[in-house]
Amino acid sequence: MTGFGVYVHWPYCTKLCPYCDFNIYRARDLDRAPLRRAIVADIHNHAARYGRRPADTIFLGGGTPSLLSGADIAALIGAVDDAFGLAPDAEITLEANPEDAPRFADHAAGGVNRFSIGVQALEDVALRALGRAHDAASAVAAVEAAAATGKRVSLDLIYAREGQGVEAWAAELEAALALPAEHLSLYQLTIEAGTAFDRAVRRGRLAPPDDDRAAALYEITQAVCDAAGAPAYEISNHARGPAARSRHNVLYWTGGDWIGVGPGAHGRITHGGVRLATKAHDRPENYTAAVSAGGVGYGDATPLSRDEHGEETVLMGLRLSDGLARGPAEALRGRPFDADAVAAFGEAGLLEDAAGVLRLTPPGRLLADHIAATLAQ
Amino acid sequence: MTPRDRIRNFSIVAHIDHGKSTLSDRLIQVTGGLQAREMKEQVLDSMDIERERGITIKAQTVRLDYRAKDGLDYVLNLIDTPGHVDFAYEVSRSLAACEGALLVVDASQGVEAQTLANVYQALDNNLEIVPVLNKIDLPAAEPDRIRAQIEDVIGLDASDAVLISAKTGIGIEDVLEAIVTRLPPPKEGDAGKPLKAMLVDAWYDAYMGVVVLVRVIDGVMKKGMRVRMMANDSVYGVDKVGVFKPKATDVDELGPGEIGFLIANIKEVADARVGDTITLEKGGITTPLTGFKPAQPVVFCGLFPTDAANFEDLRAAVARLRLNDASFTYEMETSAALGFGFRCGFLGLLHLEIIQERLSREFNLDLIATAPSVVYRIALNDGSTLELHNPADMPDVTRIREIQEPWIKATILTPDEYLGAILKLCQDRRGVQKELNYVGTRAMLVYELPLNEVVFDFYDRLKSVSRGYASFDYSIDDYRVGNLVKMSILVNEEPVDALSMLVHAGRAESRGRAMCEKLKELIPQHLFKIPIQAAIGGRVIARETISAMRKDVTAKCYGGDISRKRKLLDKQKEGKKKMRQFGKVDIPQEAFIAALKMDGD
Numbered sequence: 001m002t003g004f005g006v007y008v009h010w011p012y013c014t015k016l017c018p019y020c021d022f023n024i025y026r027a028r029d030l031d032r033a034p035l036r037r038a039i040v041a042d043i044h045n046h047a048a049r050y051g052r053r054p055a056d057t058i059f060l061g062g063g064t065p066s067l068l069s070g071a072d073i074a075a076l077i078g079a080v081d082d083a084f085g086l087a088p089d090a091e092i093t094l095e096a097n098p099e100d101a102p103r104f105a106d107h108a109a110g111g112v113n114r115f116s117i118g119v120q121a122l123e124d125v126a127l128r129a130l131g132r133a134h135d136a137a138s139a140v141a142a143v144e145a146a147a148a149t150g151k152r153v154s155l156d157l158i159y160a161r162e163g164q165g166v167e168a169w170a171a172e173l174e175a176a177l178a179l180p181a182e183h184l185s186l187y188q189l190t191i192e193a194g195t196a197f198d199r200a201v202r203r204g205r206l207a208p209p210d211d212d213r214a215a216a217l218y219e220i221t222q223a224v225c226d227a228a229g230a231p232a233y234e235i236s237n238h239a240r241g242p243a244a245r246s247r248h249n250v251l252y253w254t255g256g257d258w259i260g261v262g263p264g265a266h267g268r269i270t271h272g273g274v275r276l277a278t279k280a281h282d283r284p285e286n287y288t289a290a291v292s293a294g295g296v297g298y299g300d301a302t303p304l305s306r307d308e309h310g311e312e313t314v315l316m317g318l319r320l321s322d323g324l325a326r327g328p329a330e331a332l333r334g335r336p337f338d339a340d341a342v343a344a345f346g347e348a349g350l351l352e353d354a355a356g357v358l359r360l361t362p363p364g365r366l367l368a369d370h371i372a373a374t375l376a377q
Numbered sequence: 001m002t003p004r005d006r007i008r009n010f011s012i013v014a015h016i017d018h019g020k021s022t023l024s025d026r027l028i029q030v031t032g033g034l035q036a037r038e039m040k041e042q043v044l045d046s047m048d049i050e051r052e053r054g055i056t057i058k059a060q061t062v063r064l065d066y067r068a069k070d071g072l073d074y075v076l077n078l079i080d081t082p083g084h085v086d087f088a089y090e091v092s093r094s095l096a097a098c099e100g101a102l103l104v105v106d107a108s109q110g111v112e113a114q115t116l117a118n119v120y121q122a123l124d125n126n127l128e129i130v131p132v133l134n135k136i137d138l139p140a141a142e143p144d145r146i147r148a149q150i151e152d153v154i155g156l157d158a159s160d161a162v163l164i165s166a167k168t169g170i171g172i173e174d175v176l177e178a179i180v181t182r183l184p185p186p187k188e189g190d191a192g193k194p195l196k197a198m199l200v201d202a203w204y205d206a207y208m209g210v211v212v213l214v215r216v217i218d219g220v221m222k223k224g225m226r227v228r229m230m231a232n233d234s235v236y237g238v239d240k241v242g243v244f245k246p247k248a249t250d251v252d253e254l255g256p257g258e259i260g261f262l263i264a265n266i267k268e269v270a271d272a273r274v275g276d277t278i279t280l281e282k283g284g285i286t287t288p289l290t291g292f293k294p295a296q297p298v299v300f301c302g303l304f305p306t307d308a309a310n311f312e313d314l315r316a317a318v319a320r321l322r323l324n325d326a327s328f329t330y331e332m333e334t335s336a337a338l339g340f341g342f343r344c345g346f347l348g349l350l351h352l353e354i355i356q357e358r359l360s361r362e363f364n365l366d367l368i369a370t371a372p373s374v375v376y377r378i379a380l381n382d383g384s385t386l387e388l389h390n391p392a393d394m395p396d397v398t399r400i401r402e403i404q405e406p407w408i409k410a411t412i413l414t415p416d417e418y419l420g421a422i423l424k425l426c427q428d429r430r431g432v433q434k435e436l437n438y439v440g441t442r443a444m445l446v447y448e449l450p451l452n453e454v455v456f457d458f459y460d461r462l463k464s465v466s467r468g469y470a471s472f473d474y475s476i477d478d479y480r481v482g483n484l485v486k487m488s489i490l491v492n493e494e495p496v497d498a499l500s501m502l503v504h505a506g507r508a509e510s511r512g513r514a515m516c517e518k519l520k521e522l523i524p525q526h527l528f529k530i531p532i533q534a535a536i537g538g539r540v541i542a543r544e545t546i547s548a549m550r551k552d553v554t555a556k557c558y559g560g561d562i563s564r565k566r567k568l569l570d571k572q573k574e575g576k577k578k579m580r581q582f583g584k585v586d587i588p589q590e591a592f593i594a595a596l597k598m599d600g601d
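First to last, the protein sequences are chains A and B. Position 101 of the first sequence, counting from 1, maps to 101 under the working numbering, and the rest follow consecutively. Position 24 of the second sequence, counting from 1, maps to 24 under the working numbering, and the rest follow consecutively.
Just so you know, the hints here were simulated from the structure itself, not pulled from any lab data. Values in this document were obtained by computation on a predicted structure and should not be read as measured data. Every residue, glycine too, gets a C-beta built ideally from N, C-alpha and C. Each statement offered as a hint is correct.
Not close to chain B: a few residues of chain A, all C-beta gaps over 10 Å, as computed:
1) C13
2) P88
3) V166
4) V224
5) H271
6) G272
7) N286
8) A289
Below, a list of computed lysine-lysine pairs in the PhoX-like style, where the Cα atoms sit at most 20 Å apart:
9) K424(B) with K409(B)
10) K279(A) with K567(B)
11) K565(B) with K279(A)
12) K556(B) with K279(A)
Could you build the full structure based on these sequences and the hints that come with them?
So this is what it looks like as structure tokens:
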């Protein structure tokens, strides 16, 4: 496997974004201590249950974990170090909102060595439409503030927005590429069920681009990033060189182990030769109660069957530009991939099968789910 | 044996929901057939589907023992009849065993089309009819208006209609008295003559085997006697004779005018032909009673297992259903697209739906049903004729002289505000108006319509344009020459035989266009472009194209998304199971039915 990670979910936000369907709760002036203490306890309880092994990565996601203080973060990192141990070069990422830039130095002092900044757009109109609290200028300033700490910096953008043209997006993307960030996550806007955007679409108040437009936007994204030396290493993630990749996220795509702590966090742990899927209670009060009763933040871990583990390996692995190593994946599934399907996708120019690796071509990436679903059968 | 003048054989004629089953239950309860605690809701509708849909499918019978106000004991035989048009045949045989009928009408809703059809049948059978107004306890009840309506529409004197509430029990004694005093006893019958009995119905019972319901005309039927079924010319030893009270109860014998059951060693329901005459093996009568005309399936469709591996299960299931339902027919069919299945015949669309539902519910089968089709008569140039049950079997057009299609006579009753929409619907379906009368604020329409325009979704459309207020009934009228053509549907240049149909030439283009549009909605995108065409012969009359899948990718996929993605995959797998592959194209099962329900809107 490819290392061991810890994902920490901090579910609180000061404002809920209309496109987000994560496990989030709105909170202002929240007493952070009870949940922070519960997460610390959960980390220890995980180590007690599954054994000590040094963590290669910690990812503080949410929600808005940049609402945490440097001291909160130091406490969480300290708990991982105490319970599991930390690899000397461990990657510690904080998801951060631009409006929390004044706290970045404090976060860095607390142990964060990689900032992932939710820029989302560099156009004020678009930021308002996305329901964000910041404007473009403060987003730029936040990226610069993060870079000034000397830590690694990544930024997120959301594209394929309503009415977005290919040229305007290319210009916006070029501006983002000019910022001091080694990594970009470029997500096409996805309308998730149950969100405010979902309701707006159903009422005809929001019309995201159709598939053809979205495909054209994806293609220009690849061209602009390639030219700027930040090619995609995953469907939506771009890095300036292999060292700039998110080690934590690569661990997800390559089938590594991680524990998920905090309300609603998912984990995958290989224990006693079985791969377990875990999901913590969504509601903070239920989560806290479970942990304070001496357990982990969930009831039971679900053992994955061989088929399920195989499916996950294919669904995730095909997303990487490096491709999916065929031999290990087939060994895990216990059966080879359907040769006819591989050949048909190959003929259609969507999939390469070379040197024991299955790799999506650029047009294949736009159909990654369809291809993965077919191969995973 | 009951003296003939103490017997009353009667049916109840009513529209769905007008309270027939509740009244039956009350009559059973009041005469002591069942204790209150034994009364399941609506005793006579014993199939799950019957109870759920509030309809009666199989005729049932119950014997009520009643001491009337004159102090004498009477035997009242209630023969329950199905209400729906598809089962008009079952109605006819039930009525033939009776001398009278109760016409139950909801005192606020009044006469419906279905009531009319059944009451006319009862009048045709010379039955004495007692009108009963039900639900008179409801505030909306208008007995005077409904009485007048019965007189206007049916021409029946309703001045002494019995007012009841089957639900609360008001008037039940009056009904029993009316049965005794106003309905006649069996007209003739001589216990001394050789046995002559009518086979009213037959069904399969898991414990008793084939149960035969009989009405004795002359002579006596007893256990141990050997009887002959005249139409089949088969002989059976009578193992048991009994009556339903409503529990099956053995009796020594059944005499003239009596209704009861007999059990002999009969293997299949199909061996007991409804309408047949039963007599003695030796010394019996030689001239049978006038039988009923057998029920003819009028609607056909192909039923195929979604998973070809389940064909044997389907075979066993249709055989089981046939055991108890002689009006359901099936024969094996092979489709290039769907593999092995059965071409099944039904009395009508409700019958089709019920059989499909029973197959999926009781036998747990996942089915693909092809377009319902009627029976066409095709006259060939060589002078021969053939009956076409399946559009896929249509001979080459050059060999065909003419095609005839079945027409129905439809009666529709509707509040007049929906009349315009209904006239348009009938007109669109090639209907020919025969009558249009007003009864108060309601219009009664009689139309002749080609059955093939009705089998798809006429009833759904009628309900929708009238907000559920129009009622509809039909009977098969005759066969008429029609300008009919076979329309094929091609998906990705390949004909899908299960979607082909015969349509009227004048309607082909709009039908083809609607069909292509619907299929475009129902067939998912593939990696390649899929043309969908409707064609007559080699001529394409409509075309749609499903564009190639351009994008199918999750933007964000991290640790928390894996489980969700895998669930999505499971759902896709489930969906894939419900698809059939035609060439390179996966067509979902629902496309076969939904593509046909598309008119109007």
